[in-house]
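Here is what each chain is made of, one letter per residue.
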Amino acid sequence: MLDPRQRYLQIAFNQSLAELKSGILSLPKNKNIIVEIGTPLIKSVGVEAIHTARNFWSGYILADLKCMDRGATETNLFASAGANGITCLGLAPIATVDAFVVECANLKIDSFVDMLGVKFPFEILQKLKKKSTGVVLHRGVDEAVNRAKIVPYIEINRIYGAYSCLIASAGGETGREVARAHFNGSHIAVVWREFNPITKVGQEIIKEFLRKA
Amino acid sequence: MPFDWGEIFSGALRLLFWVFVIYSFSKKKKRKISINIDEANSPAETITLQEQLSKIKSGKIYSGLVGMIVGQLNPKILDTEPNAVAVVSAKSVGLDSKKRYLQVALNGNWEDAQQILRQLPNSERILIEAGTPFIKRYGINIITEIRMLRPLAYIVADLKTVDMGEREANLAADVGANAVIGLGIAPVETINALSEACTKRGLDMFLDLMNVEQPLVVLKQLDKLPKVVLLHRGVDETETDSAKTIPYFQINQIKGAYKIMVAVAGADSERDVKSAVFNGADIVVLWKSFYKFEGNVGQLAERFLAEIR
Chain A
1 MLDPRQRYLQ
11 IAFNQSLAEL
21 KSGILSLPKN
31 KNIIVEIGTP
41 LIKSVGVEAI
51 HTARNFWSGY
61 ILADLKCMDR
71 GATETNLFAS
81 AGANGITCLG
91 LAPIATVDAF
101 VVECANLKID
111 SFVDMLGVKF
121 PFEILQKLKK
131 KSTGVVLHRG
141 VDEAVNRAKI
151 VPYIEINRIY
161 GAYSCLIASA
171 GGETGREVAR
181 AHFNGSHIAV
191 VWREFNPITK
201 VGQEIIKEFL
211 RKA
Chain B
1 MPFDWGEIFS
11 GALRLLFWVF
21 VIYSFSKKKK
31 RKISINIDEA
41 NSPAETITLQ
51 EQLSKIKSGK
61 IYSGLVGMIV
71 GQLNPKILDT
81 EPNAVAVVSA
91 KSVGLDSKKR
101 YLQVALNGNW
111 EDAQQILRQL
121 PNSERILIEA
131 GTPFIKRYGI
141 NIITEIRMLR
151 PLAYIVADLK
161 TVDMGEREAN
171 LAADVGANAV
181 IGLGIAPVET
191 INALSEACTK
201 RGLDMFLDLM
211 NVEQPLVVLK
221 QLDKLPKVVL
231 LHRGVDETET
241 DSAKTIPYFQ
251 INQIKGAYKI
261 MVAVAGADSE
271 RDVKSAVFNG
281 ADIVVLWKSF
291 YKFEGNVGQL
301 AERFLAEIR
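Chains A and B, in that order, are what the protein sequence lines are. So for the first sequence, full-length UniProt numbering puts the first residue at 1; every next one is plus one. So for the second sequence, full-length UniProt numbering puts the first residue at 1; every next one is plus one.
One or more hints might be untrue.
Claimed, not checked - Restricting the straight-line Cα-Cα distance to at most 27 Å, the calculated cross-link-like pairs of lysine-lysine (DSSO-like) are:
id, chain 1, residue 1, chain 2, residue 2
1, A, Lys200, A, Lys29
2, B, Lys244, A, Lys130
3, B, Lys220, A, Lys119
4, B, Lys244, A, Lys131
These aren't lab readings, by the way, just hints derived from the structure by calculation. None of these values were measured; they are calculated from a predicted model.
So that you can see chain A by itself, here it is in the shape it has in the complex (with noise of 0.2 Å):
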């Protein structure tokens, strides 16, 4: 389970086994370092993404499930291959929401309610009968060719002081926008686009955090 008090950078692979291996290598081996196995890379190999992470990351696996429907079925699969967290739209009906949150507490993992489209998070975090690990506030890939739509850094505060839970915040990519998703008080960055491969600007936003952290 992750703590509150630390700052995470988690970093999505999303293209295929042998990048999600080679990056994983890469890695420096860091308490505050995420892995997330991104959902197009769960579609593409499907379990067997998971269980190649945990094969080279000893780490807090995060799999990107983005679950809409079967809450439970899905998160029993994921967690049995050894994911820590997993995540769910927050888009979908509450009732599997609710189905989501409990059985990853059953199964003592942490779950992610993912705000992506999501205009009222409130909306949703109050329909929840149990609360949830963590929110994702999210501008998606596709969302981002929108610059009127930006990474709701306003909500993270407001989210945090009502329901005390971990947020991490999707949608930027660089060393400056890492630093910034800390200082509005996200807990988790999420950075993707320079780790697939890794680039000399990925392993420079790893450095920056780790000498921050």
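For chain A, the structure is supplied; the task is to place chain B on it using the hints.
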């Protein structure tokens, strides 16, 4: 002996003419050696398809060739894969808005799914869906395996795309799916990106309207309409809230406004199938009866097909 330049010139012209004829004939012939997919039912032709598919499986041929078998691949493959012309034609397996279909969703394990696929009747009115949990468990390449067992089927990849529309459409196209399902609640940019990529790759786009309160508002915002919209009652919703029903009233609302096909998911019994069709559904999606391999699923599918005739 003096040269007869006229004779030499006319001889050269004649030679050039025949070279041109032979060249164009051979080129034309290469393009024409193809099997119409709709007629590929004789054992020999089926074996050829199977052989090609096993080559794809073993990685000897570009995987997109599966897509070509159902007539969707970029014709550029002909330049890089000359063998391909020996097998396929470009006639596509498509949906006909005048017909009604049964969509069998595979969500259990692959062992059961194989038995189910073997028993399903050979009907063009049966669509095979690789369900989201199924894809998340085995990966998208499971569609290539499904294609091995049902070379001529219309296969739907239920990716429930909510972001990276282009990437996910390409994933499905590369393994030879005929359609991709995106989510209606996804950002409009994602749906448009998915739709554009589907058009480019020759796929149909289905839009799943689960948890969408006003489908017409969503459809109005899109650059291009999906081929099919899917009205949904989620599995978790069904189990926890019996008051939540399949929104049949939306079928005619949508059909009144747009010329698109409507699929209904969440029906489980023959009675549900009957009422879905009675309410105007073009496609009925079933999963519970085909989750595990139990009893005679072939006969069961025949019975459901009879209901939606």
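Right, here's what the structure says about each hint:
Under the criterion of a C-alpha separation no larger than 27 Å, the hint pairing A:Lys200 with A:Lys29 is consistent with the structure, at around 18 Å. The hinted pair formed by B:Lys244 and A:Lys130 meets the criterion: a straight-line CA distance of about 21 Å does not exceed 27 Å. Restraint check for B:Lys220 and A:Lys119: the C-alpha separation of about 19 Å stays at or below 27 Å, so the hint holds. For the proposed pair B:Lys244 and A:Lys131, the alpha carbon gap of about 24 Å is at most 27 Å, so the pair holds.
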